[in-house]
Every structure is written in C-alpha cells, then in structure tokens.
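Using the sequences plus the hints, can you model the full thing?
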Amino acid sequence: MERARKRLAKRKRPRAPRRPTRVATPRPTPAEKRLLGLSREIARLPLAAALGKLAAAWAPGGPLLYEVATAWTESRGNKTSALALAWAREQVRLSLQEIIEATPKDKRGRIEATPETLAWVVLAGCEALAHEPPSAVADRVHALLELTGHAAPGD
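Note that our numbering has the sequence shown beginning at 15, numbered continuously upward.
The set of hints was computed from the structure by calculation and includes no laboratory data. Glycine included, every Cβ here is placed at the ideal spot set by N, Cα and C. Fair warning: there could be bad hints in the mix.
[Unchecked claim] Cut-off 30 Å, straight-line C-alpha distance, at most; resulting in silico cross-link-like pairs (DSS-like, lysine-lysine):
1) Lys-121 to Lys-67
2) Lys-47 to Lys-93
3) Lys-119 to Lys-67
4) Lys-47 to Lys-24
[Claimed, not checked] Computed spacing ranges between beta-carbons, pair by pair:
5) Ala-96 to Trp-134: 44 to 54 Å
6) Gly-163 to Trp-101: 22 to 32 Å
7) Pro-31 to Ala-83: 40 to 50 Å
8) Glu-130 to Ala-157: 37 to 47 Å
9) Gly-51 to Ala-157: 21 to 31 Å
10) Thr-84 to Arg-29: 15 to 25 Å
11) Arg-90 to Lys-24: 11 to 21 Å
12) Thr-128 to Ala-30: 32 to 42 Å
13) Pro-31 to Glu-130: 15 to 25 Å
14) Ala-83 to Pro-60: 28 to 38 Å
15) Ala-100 to Lys-24: 11 to 21 Å
16) Arg-41 to Glu-130: 50 to 60 Å
17) Arg-29 to Ala-70: 58 to 68 Å
18) Lys-47 to Lys-119: 47 to 57 Å
Take a look at the structure:
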C-alpha cells in the first residue's frame, strides 16, 4: 500500500489590508432635533411648567406633530431612523421622569404609580392633544395637571 502524500499548499499572495469602510452617520430629522430640544427645555422646569411646555409643543396644528408623523412615516423600513426617533422621544419621557422623581411623593397626584409609568402616561396624554379639537385642549391639559396633582386650587 502506497503512503498518502501531503498536498503542497498553494502559495497565496498576501492580501492588501482592507480599507475601513466609512459609516455614514444619518443626519437627525427635524422631529428628533425638536424632541431633543424639548427634552432639554423641560429638564429645568417644575412639573406643571413642563406639562405646559409639552402641551404647547403638541398643540393641534403645531409643527411637532407634522415633523414626528413625517419622520415616523419615513423611518418605516429603516431601523436606524426608527430607533433614532424612538430614542429622541424617550429622552423627553426620561426628562419628565426625572422631574416626577424630584417631586415629593405627597405632591405627585392621584395615581399611585412609579415615576416611569406616570411620565409615560403624561407624555402620552400630551401627544394625544395633537388629535383633540382646539377647543378641548385646555380641558385636557387641566385633566393632566389634576392627574399629576398640579391643578390650580379651586378649579
């Protein structure tokens, strides 16, 4: 029986080092910029003032609604854009959460909920204002203030 012979390995040419591919960083959409700016603005405010600022931003016919809706529509099928928009919105919620956490528990309102949950409810309520008739916005804002324990006395 003949012994198997080793194959001679083909000599490979050394490869040129790969050039690093440049990753194009997507530019933030107007909605992301506006949401992040809003997050920074409300971070320094007490809860009632922050809620007022959010209500004004989400007022019916305001630019924020249009920008967010446009960005959301354009981000469908693009995970990076969708995540960037969600992250910007989350920054607003986190700012609200920090404000709520800084508020004493006895002044947080009627809901026995964690600051995370209350921030989410308040943000969702403010976002819903965009779909309300303009005549109902003041009542909805008052309801949110009442919910958070910041409605003016005697209202």
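* Asked: Looking at the structure, which of the earlier hints fail to hold?
  -> 4, 5, 8, 10, 11, 12, 13, 15, 16 and 18
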